[in-house]
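Residues per chain, in single letters:
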Amino acid sequence: MIATIIDNNMDRIKADLVNRGLTYDRLLDDILDHVCCMVEEQMVAGEDFELSYKHVLDTIGDKRLPEIQHQTLLLLNKNFQRMKKFTYLFGLTAALVAILGTFFKSMHWPGAGMLITAGIVLVIFVFLPLYFVINYREQAEKKNPLYAIVGYLTLASLLAGAIFKIQHWPGAGHIIEASLVILIIGFIPLYVVNVFQRAGKRKLSLPYIVMLLIGIAIVSLLYNVNMSKNQLDIYRNEAIKNESCVDNVQGRIAQFMSLVNDTAYADKKEVVAEIHIQAASLQVMVDEMKDGLLSFVNQAGVPIENVRYIDNRGAGRDAILNNGKGKKFAMVSREYKELLDELIKDPVTSSQIEDHLEFAGNVWSFEYSLHEIKKDPLMKNYYKLTDASKGIALSEYIAISTLLHNHK
Amino acid sequence: MIANDLLKGTLRTIVLKLLFNNGRMYGYEITKKVEELSEGKIKLTFGALYPVLHKLEAEGHIKIDVEYIGKRVRKYYSLTEVGRSWSQQKVDEFFDFVNTLTYVLKPTPA
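Top to bottom, those sequences are chains A and B.
Start counting the first sequence at 1; every next residue gets the next number (this note's numbering).
Start counting the second sequence at 1; every next residue gets the next number (this note's numbering).
Isolated chain B (complex conformation) (with noise of 0.2 Å):
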């Protein structure tokens, strides 16, 4: 398991990816992509990724259609215009995050 301070920052630029490489998906269906993906070291609960949609969403950066499965309402998920440039920037950004930390943290040679 990935350490849940490690995630914390992240959150969004997962999601943002994800919506970028799949189109469009709801939010189960990204819960269990992350499970996949990280070969289950990343657990996404529901709690850590609906307030990190809805803010996407108000932020105008993720927009929603809606389906009906059977009674209920299912909400897809997928990125805006502004949110696809707005998400490779983010993926960007933590590339160079990562390549920065491995450059600080890598062992010094003995």
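Chain A extracted, bound-state conformation (with noise of 0.2 Å):
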């Protein structure tokens, strides 16, 4: 009786699933023979047909089923399956790759930056985009390609803002925000949107938010925390280049100060004296603060070649700006500059002298860098020091050289 009544709506049936979507013939006699099984099971609790039918077509809903045939001509299309896991494959080889060169960085082995560049350029390259081809292809309701697109240009951008940034290529900069960009006008409102058009649907695939989040992550981390290793060194060696060319300066000082004494420059022994004490006190302020930097991270007395730690991001704050050294240091270098603009009048000494006080003007002052102090990374504060003892030195020793060879 049921089973007439089922058979005589049999066409009915098969043109229902058919309208909606179902078109694999081989998955349609499953389905077919399915959905009757449930009718029929309803039919024999006491309902009618038109009842059953409509209460399992609630059930199946309009979306389920070409989901379902997608899902499994994709399972059955082997270049397919195969494409999925190559891809995943060489996403894992490639990240692996990049590990391992980040690995070697730390170590300060060679071909460091060549493994994450390769790493990093197989990632975008060539994993990213075939995986947003196969999150593409995995969607069953057709289906927006500029998810995929937009999503890939986010996290492309964003690498290869890392990549330029890791090799200290020029424009690193201008990637990762143009990558910030495409993330805020149009990753997420899309995502935003996509979340509201399937509300209770299913969303838009996790993987993409975790590979955001991830990208993200790595850019903030590089853009934020950490100068690399390489660049401290530079700051290291160019340091010591300093600290050398003060002490040269200051024994060619000392034979001055020597010279002075001499009754020949009688005049001028007062205001020698005046320039190299306010010079000396400068120098003791930026020795104090030079081995506070030091003393932050323990390493008081270690020769700077052989500093650690020299990433540190507390000691500039500690040293230098907490306990007011920096200020103090600021105002002593501005008051020195304008003692020795007050003695040179000659145009030509004097601008050799203010290049070398440029820290103590106005337009690259130290008292203005003090806010990036704070934040700097300790060898980069140490080389600031340096700098300015240098410039100090210099002025210093210009000055009364420039003073005693005017003597009458």
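None of these hints come from the bench; they were simulated from the model.
Hints may be right or wrong, so weigh each one.
Said to hold, decoys possible - Below, simulated SDA-like cross-link-like pairs (lysine to any residue); rule was C-alpha separation at most 25 Å, straight line:
1) K8/B x F86/A
2) K32/B x Y76/B
3) K75/B x M38/A
4) K345/A x M257/A
5) K75/B x L259/A
6) K8/B x F80/A
7) K90/B x S78/B
8) K325/A x D355/A
9) K84/A x E59/B
10) K32/B x I13/A
11) K268/A x S401/A
12) K63/B x Q89/B
13) K269/A x T402/A
14) K71/B x E40/A
15) K32/B x D33/A
16) K17/B x L101/B
17) K54/A x G70/B
18) K55/B x K374/A
19) K75/B x G21/A
20) K325/A x E338/A
21) K32/B x E47/A
22) K71/B x L28/A
23) K327/A x L394/A
24) K375/A x F164/A
25) K71/B x A45/A
26) K8/B x A48/B
27) K105/A x F164/A
28) K71/B x I13/A
29) K8/B x L37/B
30) K32/B x D48/A
31) K85/A x K8/B
32) K17/B x K71/B
33) K8/B x L28/A
34) K375/A x L232/A
35) K106/B x D92/B
36) K75/B x T59/A
37) K75/B x Y28/B
38) K325/A x K374/A
39) K78/A x S78/B
40) K54/A x A3/A
Note that the structure is predicted; figures quoted are calculated from it, not measured.
Got two chains here, separate frames each, mind docking them using the hints?
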């Protein structure tokens, strides 16, 4: 009885299924039988055909059938499955290469930059395109390539920014900014729209979000926290050069000072002494701040070429900022500059001195950079101090030699 | 109800084992049987079942016999020779996995 009713409606059921997007014959047979069984079950429980059939269609919903068909066909498509496997395998390999590179970098082994670059380039140009193509093809409901394209552009540009940053190639900042723009005006609005459109249904896949967050984390890490060791080693080398320059210049100044004791220079003795005392007190301040930086990481007395923890970011705040030494140094160095300005009237010499005391002026002043000092790594601050110290020594040398030279 | 993500990897094994025990079954029968055996804890939707059945068939682990029920076709699935030994292997693997998990997850004595 029930079987007859269902048989009589068979063509209609079949047509309904096809209309809902079920076109793959082999699957259609399965689902048709399945639906009939479900209807049959409800009819056995006492309901009439129309009501039972309506219930069953309601539980199936409009979009499930194309989705199931899509999944089935994808599972059967060997090439697609192979591509998927390859993609994940490839992504894993590329990631491992990049991670190996960062390990090399932390060990200061050669080839680190090349490994990181290779890993990220492979991710950008092979893994990510494949990944988004797969993701796109796996969406059953057709199907907006915009998500895949915008997602790809966002991630690829984030990673490209990261690699430019690591390798110190020019333009890193612009790429990162561009990627953030794509993220903010492209990806996030799309994602929000997607969430609202599909409220209650399956959301845009989680991997998108996870990968995006990882990308942002990497970039912000590079952007804010870590200045690369290479860069800091450059600061270290420059600091060493500055210190040896200061030693040389001070040797010569010492010769001047003994010369000044000669009665021939009696009229200059007082001025020279004034300059020398003020310069020396500035040098003492610099030395104190330098010592403070090193003490902060328990490296006091360690020769600068062997100092460790040069990427420490608390030292500047502690040794220069919070104790007020930085501020005082900026103030006294300004007084020192004014003193020299007053004493040296020759415009060429005066301009030379001004160059050396740039940090005491208004344009690139030491005081102005105080707020950078608190977040800059130790070695960068140390370098800035040696640079100031060199400026003081050279200006002192030039000022005194000019004064003695102009002696009549 | 058992969470879907826990079921995901075991769906094939469940299907293979059912066919191993019951000879030949059609799709609806499989979903009912799973529900019955699990006392309603596992609800196998046809959306999850048929892609797996078609995949297993394409791999040569199961084969199809067709019968007509009135005007409609009913497809009975059963294991091939390859599928029989493979299903045993899958079930063994699964128990091995469960044992390992039990061992890993068992509460430590205070």
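Results for each hint:
1. K8/B x F86/A: 22 Å, holds
2. K32/B x Y76/B: Given pair K32/B, Y76/B holds - Cα atoms ~15 Å apart, limit 25 Å.
3. K75/B x M38/A: 16 Å, holds
4. K345/A x M257/A: 22 Å, holds
5. K75/B x L259/A: 112 Å, violated
6. K8/B x F80/A: OK: K8/B and F80/A at ~20 Å, within 25 Å.
7. K90/B x S78/B: 16 Å, holds
8. K325/A x D355/A: 23 Å, holds
9. K84/A x E59/B: Measuring from Cα to Cα gives roughly 17 Å; hence the hint holds.
10. K32/B x I13/A: 22 Å, holds
11. K268/A x S401/A: 11 Å, holds
12. K63/B x Q89/B: 18 Å, holds
13. K269/A x T402/A: At roughly 13 Å apart (the allowed maximum being 25 Å), T402/A and K269/A satisfy the hint.
14. K71/B x E40/A: 14 Å, holds
15. K32/B x D33/A: Roughly 14 Å separates the two Cα atoms, so the pair holds.
16. K17/B x L101/B: 20 Å, holds
17. K54/A x G70/B: 21 Å, holds
18. K55/B x K374/A: 62 Å, violated
19. K75/B x G21/A: 21 Å, holds
20. K325/A x E338/A: At roughly 20 Å apart (the allowed maximum being 25 Å), E338/A and K325/A satisfy the hint.
21. K32/B x E47/A: 20 Å, holds
22. K71/B x L28/A: OK: K71/B and L28/A at ~14 Å, within 25 Å.
23. K327/A x L394/A: It holds: about 22 Å lies between the C-alpha atoms, which stays within 25 Å.
24. K375/A x F164/A: 22 Å, holds
25. K71/B x A45/A: 23 Å, holds
26. K8/B x A48/B: Status holds; Cα separation ~9 Å.
27. K105/A x F164/A: 15 Å, holds
28. K71/B x I13/A: 12 Å, holds
29. K8/B x L37/B: 18 Å, holds
30. K32/B x D48/A: 22 Å, holds
31. K85/A x K8/B: 18 Å, holds
32. K17/B x K71/B: Roughly 30 Å separates the two Cα atoms, so the pair is violated.
33. K8/B x L28/A: Since the Cα atoms of K8/B and L28/A sit roughly 23 Å apart, the hinted pair holds (cutoff 25 Å).
34. K375/A x L232/A: 14 Å, holds
35. K106/B x D92/B: Cα-Cα ~21 Å, so holds.
36. K75/B x T59/A: The given pair, whose Cα atoms are some 23 Å apart, holds under the 25 Å limit.
37. K75/B x Y28/B: Holds: K75/B and Y28/B sit about 10 Å apart, inside 25 Å.
38. K325/A x K374/A: The given pair, whose Cα atoms are some 13 Å apart, holds under the 25 Å limit.
39. K78/A x S78/B: It holds: about 23 Å lies between the C-alpha atoms, which stays within 25 Å.
40. K54/A x A3/A: With Cα atoms ~17 Å apart, K54/A and A3/A stay inside 25 Å; holds.
Violated hints, listed in ascending order, are 5, 18 and 32; each of the other numbered hints is respected by the structure.
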